[in-house]
Structure formats: C-alpha cells, structure tokens
Amino acid sequence: MASPNLLSRRVFYHPDIWVFLIAIPFISAFNYYLTYSNIQFNSFLLLRFTIDTLQGYVAWLLVRWIIFSLDQKIPYKPDFLRRIVIQMITTMIVGLGFLALSTELLSVLIKGETAPIHFYTKDLVIISIWFFVINGYYVGMFFYRQWESAETEKQSLKPEMDGFPVRTGNQLLLVKFSEIDLFLVEEDYVQLISSSGKNYLLDLSLDKIEQKLSPMDFFRVNRQYMVSRQIVTGFKRLENGKLLVQVRCDIKSPQELTVSRTKAPAFKSWFLPQG
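Each residue of the sequence shown is one higher than the one before, counting from 111 in my numbering.
The hints are simulated quantities; they were obtained by calculation from the structure and are not laboratory data. Only true hints are included.
In silico DSSO-like pairs for lysine-lysine, Cα to Cα no more than 30 Å straight-line: (1) 346 - 322; (2) 318 - 362; (3) 322 - 373; (4) 362 - 346; (5) 308 - 373; (6) 362 - 308; (7) 346 - 378; (8) 308 - 286; (9) 308 - 322; (10) 352 - 378; (11) 346 - 373; (12) 308 - 318; (13) 362 - 352.
Work the whole structure out from these sequences, hints included.
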C-alpha cells in the first residue's frame, strides 16, 4: 500500500491544511511571547521568526503524515486507547526530534555553536504542548466526521414526507406512515391497507414503494408483502429456516406472511434491533 502524500486531502480532517497554514505563524509568535521578555523588532527577529515558522510547518507535516499512516495501519477503532498512545508517542518523538536536530544544525551553521540549554528546558516544553493541540485537532475532527456521517445516514433513513400519497377517485390523499399496516401485491396491483381498514390501489411496484419507506419502520417480508413494524407481534420458526410472521389479531391477510430462510436473519435484526 502506498504511503499517503504529505499534502493529500483527507475528508475526515479537512480543512486542516488551511487551519495550520494560518495557525502555525501565530503559534510561533505566541511562543516568542512566552519565551522572551524583551523582544526587539528588527531584521534578525524577522529572519529567525521565518525560520522557526518554516520548521513548524515541516514538523506539522511530519505529524500529519504519521497520523494518516496510522489511519491505514492502526485505525482509531476498535482499540482507541492503543491508537492514541502510539500516535502521541510517535508524533512527539518525530516532531520534537526534528525540531531539536534542525535547531542544532542551524545554530552551528549560523552561530558556530550548539543551541542554548534553555531551548531544551523551556522552548521544547512549550512546543510539546502544541503537539498535544495538533493531535487533539485530528482526533477531534475524526470523531466529528464520524458523528456527522452517522447523522447524515440517520437523516437519509427518514421519509421525505409524513405519509404516503394515494389516489381515490379524483382525490389525492396522504396516508400517514403511522396509519399504514401493510402493502400487498394482489392480481398485479399493489394495495395499501391502512389501520382504519381502508384499501387503496397504488400505481407503483412494491420495489418502488420500498425505496420510499423507512427501513426502520417497514420490512419487505417477501415478494408480495411489506409490513409495518406496528402490526408485527412476533414470529415463529418453520422448517428449513423459514419464519412465520405473527401480526395483530385484527389484521386480515389473504395468505400467511412467511419469510424465506435467506431473509430470516435480516427480519430478526429488524424486529429485535441490537443497541
């Protein structure tokens, strides 16, 4: 599997690139404020600030690359704690290691001496806190996108209207979903049977009707029947793994409602949802 590119876009974390392109210069400036009590604004400060900001960008890209690599090899689920521990340790080692090595190299090249001790005792300690913030952003965005996807899926399961449109004579009525007992195919026509006992002939196939209903509230028992959850009281096991659907005693059905062996597990999950 190819390694993810450092600047490749990941929908779970977007807009992380723009966030950190803007945030890192502010982080560098804030670090200066925390570290130095007497700041003189001159060309040397501008050069140093530019170098520190560029180092910050590279350190962030390394952290980002590690997180994307871990997404492929050690996802947050099912073992969230293990993933977080590995992520924090590796990003800290790589990120702080890069900053320490690059700072030492630049100090030797520019000043001819190693970095001062306060860089390790103060600067890196402050910077390590920002690594927690960066990791927190990616963890938070991942679970935010997970929640967002779940909400979108939940909304997609909801019917667009509060009822199902039917025609009777020259009238167009809307039968509320809560008032629908079942749909059945009889003599090439689909009928809607309401809880009030009324029957309506529909000009749609059962397949098309199924697409318009919430799968949480209605189940396609077989080719001829789709039942509402509100009329199902239980089921009985038959031979060969089939099921006999038990409905309220006031529901009149021309035939027994049987579920095939292949659809039996899906019906059980629908009737007795877990969690």
